[in-house]
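If you read the protein sequences in the order shown, they are chains P and L.
Numbered per our numbering, the first sequence spans residues 1 to 204.
Numbered per our numbering, the second sequence spans residues 1 to 204.
A portion of the hints provided could be inaccurate.
Chain copies aren't distinguished; within one or between two, either way the pair holds.
The calculated lysine to aspartate or glutamate pairs, modelled on EDC-like cross-linking and capped at a C-alpha distance of 16 angstroms, are [to be verified]: (1) K49 with E7; (2) K41 with D185; (3) K181 with D22; (4) K155 with D22; (5) K41 with D184.
To be clear, the hints were calculated from the coordinates, so they are not data collected in a lab.
Remember, predicted model here, so these are calculated numbers, not experimental data.
Protein chains: 2
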Amino acid sequence: MDKKISEKVINRLTLYHYILRDYIANGEIYISSKQIATLLKIDDSQVRKDLNLLNNSGKSRVGYIVKELKKSIEMTLGYSKTKHTCIIGAGNLGMALAKYDNFTSYGLNVVALFDNDINKIGNKINEKEILDIKNLTDFVKTNEIDIAILTVPSKFAQETADLIVNSGIKYIWNFTSRVLKVPDDVQVWNENLMGNFLQFTYNI
Amino acid sequence: MDKKISEKVINRLTLYHYILRDYIANGEIYISSKQIATLLKIDDSQVRKDLNLLNNSGKSRVGYIVKELKKSIEMTLGYSKTKHTCIIGAGNLGMALAKYDNFTSYGLNVVALFDNDINKIGNKINEKEILDIKNLTDFVKTNEIDIAILTVPSKFAQETADLIVNSGIKYIWNFTSRVLKVPDDVQVWNENLMGNFLQFTYNI
Numbered sequence: 001m002d003k004k005i006s007e008k009v010i011n012r013l014t015l016y017h018y019i020l021r022d023y024i025a026n027g028e029i030y031i032s033s034k035q036i037a038t039l040l041k042i043d044d045s046q047v048r049k050d051l052n053l054l055n056n057s058g059k060s061r062v063g064y065i066v067k068e069l070k071k072s073i074e075m076t077l078g079y080s081k082t083k084h085t086c087i088i089g090a091g092n093l094g095m096a097l098a099k100y101d102n103f104t105s106y107g108l109n110v111v112a113l114f115d116n117d118i119n120k121i122g123n124k125i126n127e128k129e130i131l132d133i134k135n136l137t138d139f140v141k142t143n144e145i146d147i148a149i150l151t152v153p154s155k156f157a158q159e160t161a162d163l164i165v166n167s168g169i170k171y172i173w174n175f176t177s178r179v180l181k182v183p184d185d186v187q188v189w190n191e192n193l194m195g196n197f198l199q200f201t202y203n204i
Numbered sequence: 001m002d003k004k005i006s007e008k009v010i011n012r013l014t015l016y017h018y019i020l021r022d023y024i025a026n027g028e029i030y031i032s033s034k035q036i037a038t039l040l041k042i043d044d045s046q047v048r049k050d051l052n053l054l055n056n057s058g059k060s061r062v063g064y065i066v067k068e069l070k071k072s073i074e075m076t077l078g079y080s081k082t083k084h085t086c087i088i089g090a091g092n093l094g095m096a097l098a099k100y101d102n103f104t105s106y107g108l109n110v111v112a113l114f115d116n117d118i119n120k121i122g123n124k125i126n127e128k129e130i131l132d133i134k135n136l137t138d139f140v141k142t143n144e145i146d147i148a149i150l151t152v153p154s155k156f157a158q159e160t161a162d163l164i165v166n167s168g169i170k171y172i173w174n175f176t177s178r179v180l181k182v183p184d185d186v187q188v189w190n191e192n193l194m195g196n197f198l199q200f201t202y203n204i
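Construct the complete structure from the given sequences, taking the supplied hints into account.
Structure, rendered in structure tokens:
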């Protein structure tokens, strides 16, 4: 598959994957592009076009074989390549993400959380320990950490980003509502909830 | 402005807005497209193109006037039109969203939370009460609710969506990892965290 798969296709493939997991849970063997399209209220032709991008999509005379299609999406989106992450900020959002049951099945391994609150340090969330933010750099030296998930209050976003950068982590998934200043070799993905919301509500 | 403003432009305008708020907090009067572009690591020409879409962007000889540009983005994105929402599911994610300091300033008013846990019902989060999910329909009859934010555990997603639909709410912002079955007159926006993550990490 071409490496230049578009963001919208990736997004839709993930939603198809959600549907396939439900189908498997319900013991279904086959699924049609029409069934997927109906659930997502999109065009059947769009679904077929997306699935045609996959290698070995599991297409048969009576529909796509659910398990094969699911595996094919996983291969294409690279779920099999595990990425290791720390959650920086053990507030409600950080805890919600630490508990998020899907991360592991999509190849994202939450290794630990970090916080500066002594009442939280040492506690465990979903079997992941909350560590002292002071020890982040040392931790990153001895553990493979690809991505930092930044969930601190927005007013502490930049100073915490500086700590992350100093620790050597090169990717930040930023859930704060601040634009971070980082060196050129560090990539930030802004999880822009307000932007997403505005796209949704623009026409309400 | 054309109603058909693209999702990507909306997303970028929101990020520009974050930057402008920081500039105002720092007492800055002017900002250049280049300064915005550098912070977001995108092309200067892209920023200028986006800002040209705005009415009265506050452009002057020495740069954009920060306050005018901020107001112009707000007018364009419709922040001034308040939308009323309930958060359905007062777990960590629901609580994080209830505390999210930005919703109000972007025209999203969280009226209440709903849960079925008697230990949570009656508590307040960020001055918003947690109400019994059994009372959702009655609540919607007497309060203007435009949007339901769905943050229950994924296994309860569909049955809770059914309750929301029955209450008469027509828009669901879905944070669960399930694709919801809803009637044609109900719109669902899937906040697909895994899809976003995969877009980010596709090339790591």
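Against the structure, the hints come out as follows:
1. In this homomeric assembly, K49 and E7 come within 16 angstroms of each other (Cα to Cα) only inside a single copy, at 15 angstroms, whereas the closest approach across copies is 21 angstroms.
2. Taking the shortest Cα distances, K41 and D185 sit within 16 angstroms of each other only across copies (11 angstroms), while inside one copy they are farther apart (40 angstroms).
3. For the homomeric pair K181 and D22, the shortest alpha-carbon distance between copies (12 angstroms) is at most 16 angstroms, but the shortest distance inside one copy (41 angstroms) is not.
4. Within a single copy, K155 and D22 get their C-alpha atoms only as close as 40 angstroms, which misses the 16 angstroms cut-off; across copies the closest is 10 angstroms, which meets it.
5. Only between protomers do K41 and D184 lie at most 16 angstroms apart by alpha-carbon distance; the minimum there is 8 angstroms, versus 40 angstroms within a single protomer.
The structure meets every hint from the earlier list without exception.
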